[in-house]
Amino acid sequence: MARVETTSQVLTGAEATAHAMRQIRPDVVPVYPITPQTPIIQTFSRFVADGKTDTVLLQVESEHSAMSAAVGAALAGGRTMTATASQGLALMVEVVYIAAGLRAPVVIAVGNRALSGPINIHGDHSDGMLARDSGALQLYAQDAQEAYDLTVLAPRLAEHPDVMLPVMVGQDGFNVTHSAEPVALLADEEVGEFVGEYRIPNPLLGGEGPSSHGVFAMPDSYFEIRYQLVEAVEAAEHVYDELAAEYARRFGRFLPAIDSYRMEDAQRALLVLGSAAGTAKDVVDDLRGEGERVGLLALRLYRPFPEAALRAAMGGVTRLGVLDRAVSPGAYPPLFSDAHAALSGTGIELRSFVYGLGGRDLSTRALRQVLSELAAPAAARIRYVGLRGEDDDGES
Amino acid sequence: MSGAIGPLRAGGVVLPGDVPRPRTGGWRTGRKPAVDLSRCVNCLVCWIHCPDTAVLQEHAVFQGFNYDLCKGCEICVEVCPADAISMVPEQTELAAGGVLPGTGVLAHGQG
Ligand code: SF4
Ligand code: SF4
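Here the protein sequences line up with chains A and B, keeping their order. Okay, so the first sequence: first residue is 1 according to my numbering, each after it adds one. Okay, so the second sequence: first residue is 1001 according to my numbering, each after it adds one.
Careful, some of the hints might be misleading.
Claimed, not checked - What the simulated footprint calls covered on chain A by chain B, stretch by stretch (three residues with Cβ under 8 Å from a Cβ of chain B suffice, anywhere in the stretch; the number is not a length):
#1 97-106
#2 207-215
#3 220-233
The set of hints was computed from the structure by calculation and includes no laboratory data. If you're wondering where the values come from, they're calculated on a predicted model, not measured in any experiment. Glycine included, every Cβ here is placed at the ideal spot set by N, Cα and C.
Work out the full structure, taking the sequences as your base and the hints as a guide.
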């Protein structure tokens, strides 16, 4: 895995993502600005204006149009990326379903942000969860470095012949999009060689003959075509694993679908998506120092849900605290529901914790509290961590 | 998977030949178009308007009708500027291509 060191730069997650896009050199990027995604596309626009990539940047009038143009461009035969967040993703979602159904491999950088109302510009995962069942794959980055690496990896995942699906690369709004840290970029040529040429079967332009995309499917064929989509999403797990291994071989950075942190002999563990992993690792380190057998699992791959890998990662864990940064009002939140289904029959007790809606900080103190609650009988069906009135240290 | 609906390609993509061309000729209800070739000025307005590619042409020369595809909608009758097309009972005997007998013979287009 050893490899000559690349230069590190101090970059935000958004800037690192824009660098990845510059190095991928997509043919078409239709996009509409929205906080906290805007710095991605602002930085990328500058690269285009400075001639660093010959991408056609389409400034459209809405995210619905951005995604519509992206579907057309991807099916026409051009590598296509876009970026969005929150309400923008919500507006896109109608067409994200179509992109998945038509098997358009568009890469979508997402600066995950709360949904209105009330209006809020800060981070949570409500927007990603809105697109959860679209058939688009979903990756979640823990920090700026991962936002960069997963963006570089995403076109290969999207365009793999067994997959052919849109891929959303999520990074928590502000926690990652706007936080600067050292990021090691690959060389431009390395990224170019890794992503290779864009190739899809039967492109509308430059293909071997005419093809019709987006045709009407009657009850005699719709079910089968949707089932093919299900199979493709499921196939993406293995493809992701292979790409992660190849990425590690070539560039020395290994990003498995599940980041298992100090899970050896752990009895209690947390399951998270995104930037909460960093805070949780600190807390796990502290508690390990105090002799507590705790660990952390952070999913980088959320769709497809790595069910078997999650079961395998559990080891001797008897209680798992699942932290959701989104709610499903009237039911258990999404990550909890997924994990609960995946671990049914294992005897592991799962507890649901909701945190960080609308950008509320998740403190180390709150996570220590969650882990200590896991040692005791459940206090509530769903615990709202940091909610005023439920937690005294809601603002800490 | 195949059959009447053809192969189901990923994303529902359809390629030429995947889907059998429907025989819309079966939709006619007792009348079919016929052409009076002595009136036809070969403008091909009928050809461009026919929704079922049932009007035939070869190198820009009118070649009559394909009755397997003609659904009897009468659009060609309506649009023909020379009033050369009329609807006739289904059992009417016509010359090749649907030409009214005694009005002329279809000329082949030259490539
Ligand atoms: S009636 Fe005329 S326009 Fe209509 S389908 Fe037949 S040939 Fe075509
Ligand atoms: S529209 Fe009438 S005149 Fe023109 S080609 Fe057809 S039949 Fe002939």
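Subject >> Violating hint indices (sorted, rising) >> reply: none
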